[in-house]
Amino acid sequence: MSGSTAAPDRPDERLVRTSPLRKLLGRPELGSVVGAAAVFLFFAIVADSFLRASSFGTVLYAASVLGIMAAPVALLMIGGEFDLSAGVLVTSSALVSSMFSYQMTANVWVGVLVSLLVTLAIGAFNGFMLTRTKLPSFIITLGTFLMLTGLNLGFTKLISGTVSTKGIGDMEGFDSAHALFASTLTLGSIQLKVTILWWIALVAVATWILLRTRFGNWIFAVGGEADAARAVGVPVIRTKIGLYLGVAFAAWVSGQHLLFSYDVVQSGEGVGNELTYIIAAVIGGCLITGGYGSAIGSAVGAFIFGMTSKGIVYAEWNPDWFKFFLGAMLLLATLLNAWVRKRAEATT
Amino acid sequence: MTATPDSTAGATAGAQADAEPPTGSGPLVELDDVSKFYGNIKALEHVSLEVHAGEITCVLGDNGAGKSTLIKIIAGLHRHDGGRFLIEGEETVLANPRDALDRGIATVYQDLAVVPLMPVWRNFFLGSEPTTGFGPFKRLDVRMMRETTRTELLRMGIDLRDVDQPIGTLSGGERQCVAIARAVYFGAKVLVLDEPTAALGVKQSGVVLKYVAAARDAGLGVVLITHNPHHAHLVGDRFVLLKRGVMSGSHTKDDITLDELTRQMAGGSELEELSHELERTPAPTLPGASTATDDTP
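Going down the list, the protein sequences come from chains V and D. The numbering of the first sequence is the UniProt record's numbering, which starts it at 1 and goes up by one. The numbering of the second sequence is the UniProt record's numbering, which starts it at 1 and goes up by one.
Hints listed in this document are in silico derivations from the structure and should not be mistaken for laboratory results. Every residue gets a Cβ at the ideal spot worked out from N, C-alpha and C, and that includes glycine. Check each hint, because a few of them may be wrong.
Unchecked claim - Some chain D residues near chain V, calculated using beta-carbon distances under 8 Å: (1) P97; (2) L101; (3) Y109; (4) V114; (5) V115; (6) P116; (7) M118; (8) R122; (9) L126; (10) S128; (11) E129; (12) T131; (13) R139.
Full structure from sequences and hints, please.
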């Protein structure tokens, strides 16, 4: 009996040496990286202008707008929950900021800060309702999604008389806010939007939190096995509310970008984006049931999305094909992920 | 028996060091006439037990006897509705599992409270992760976490293939041992084990029981929940028998034999009745003929 458990001096004979390649195969984002390379090659071949430096800036911009939201949504999914209200929350955030500044004729920064508070409050509401009622997050955030969609349109019409807000381009503080949320940086011949920096920063922070902090450990735990997590003392409720606050913060950043890149906001925007965020996270290797995934994967997912949406334009195809590509990509990526994970786990 | 084990338990304590008065020979945890109701259902009534340092208290009972309810009360998942719950002589109501952990009561559940997809080292420290650095750079002490997991498991005799492998890929016995090692490392004074051998084979059960005994020898008070009297009698010092939510017996090792324990555990007289019934069944006939010979006069 003791023979089987006594510590041997040599490495365990049951252990096949793990090659670095095998370790790489075990990473959640691997499938998406392979997918991204494939998409890149595909459009590099079919679309001549795809490889131009200027195109690169455009692709990155499209990716960043999505990626800013996809990172916290990925964390939320690893934590085992969904947020269907994330798409319209971006619009709500922009609307609050714009209308508060305009109606109060205040410095736009006041509106920006008020918007931050309101957006975080909505995120907290999602998290609070979820943890209090213990209903599925799908239902709770579907409710928030519909309510926000209605509120966006209703309030905007009530206050502005139309479906879009009044322009705030000439108001105090607009220029500095524009610089922070919607400016363009020129790097050689490439035009880079500032959202790309926000994107990189958010993904870096999300990755840091996920892999190197206690909170990150808790995210994996509440998504993987919430009861077990609670039993060993993980604050499950606080973790989930924190994740919704993260999504809300990113929605605020995206909302301000939306507002300051055009100076008006269409109140009907944002519907449907919530699914795109989830798609990017899933393509990036997040398990739909929670407990597994990565923030970097969500960035790769967003990058695939950016390449596809712009690549179709550069290939001079009808953009109607985009949705088909996205769907096919989602299926392929998920299949590839499942296959890779199975291979990697079978050999441990 | 009190001084030395206590100090070794204190030495392994990483998390809590406060409130450690020399408790003499009093029980670490004592339930006195405890009851629990779920609505109008009496889950547990008038149950008393004592857990002493360096001893194993076994709770035996059939399915539905109230073992799980008892565990949940000690672990802080449920509050008791009647009677007294004393920790080191002090009457207590635990608010949540964290509260129980802070008071040195660690519970290893049947489903083990591990997150299958997470690596072993992350699971080992889950809920009590050590950090290093300050302010925004406060981060997990990953190196220490990996090394400690490895060495602590080695001390229990488990040479893990890879601390990075998902804990779900370990065998049931190994997982059980990881959970026990975790509790011991975090300085538990009382270790509650929920059917640690239920799903295991003979050999694995033996391994797990050895770790249970090792935890006892380290000075911990152990509560071992089981429905296997053989395992219980092998390591136990005290035995509490539960039957349909009430206590049907309470013994120390000196005043009960394995046979008697098995008899009581199996329902005593009920088992005798059953054995009579079984004896009365006709002697085994040939398989082919069995249906035909049913009611022959």
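Cross-check of the supplied hints:
Look at P97 of chain D: its Cβ gets to within about 5 Å of chain V, closer than 8 Å, so that hint holds up. The beta carbon of L101 of chain D is positioned within 8 Å of a beta carbon in chain V (closest approach about 5 Å), and the interface hint is therefore held. About 6 Å separates the beta-carbon of Y109 of chain D from the nearest beta-carbon of chain V, less than 8 Å, and the hint is met. Satisfaction of the interface hint for V114 of chain D is found here, the shortest Cβ-Cβ separation to chain V being roughly 6 Å, below the 8 Å cut-off.
With a cut of 8 Å, the hint placing V115 of chain D at the interface with chain V holds, because the nearest CB-to-CB distance is about 4 Å. Checking P116 of chain D against chain V by beta carbon gives a least distance of about 7 Å; that is within 8 Å, so the hint holds. Hint status for M118 of chain D relative to chain V: holds, with the closest Cβ pair at about 5 Å, below 8 Å. The criterion of a C-beta within 8 Å of any C-beta in chain V is met by R122 of chain D, whose closest approach is roughly 6 Å, and the hint holds.
Residue-level restraint check for L126 of chain D holds (minimum Cβ-Cβ distance to chain V is 5 Å; threshold 8 Å). With its C-beta approaching chain V no nearer than about 7 Å, S128 of chain D sits inside the 8 Å limit, and its interface hint holds. This hint holds: E129 of chain D has a C-beta 4 Å from the nearest C-beta of chain V, less than the 8 Å allowed. Using the Cβ-Cβ criterion of 8 Å, the hint placing T131 of chain D at the interface with chain V is satisfied: the shortest such distance is roughly 6 Å.
Using the Cβ-Cβ criterion of 8 Å, the hint placing R139 of chain D at the interface with chain V is satisfied: the shortest such distance is roughly 4 Å.
Against the hints set out earlier in the document, no violation occurs for any number.
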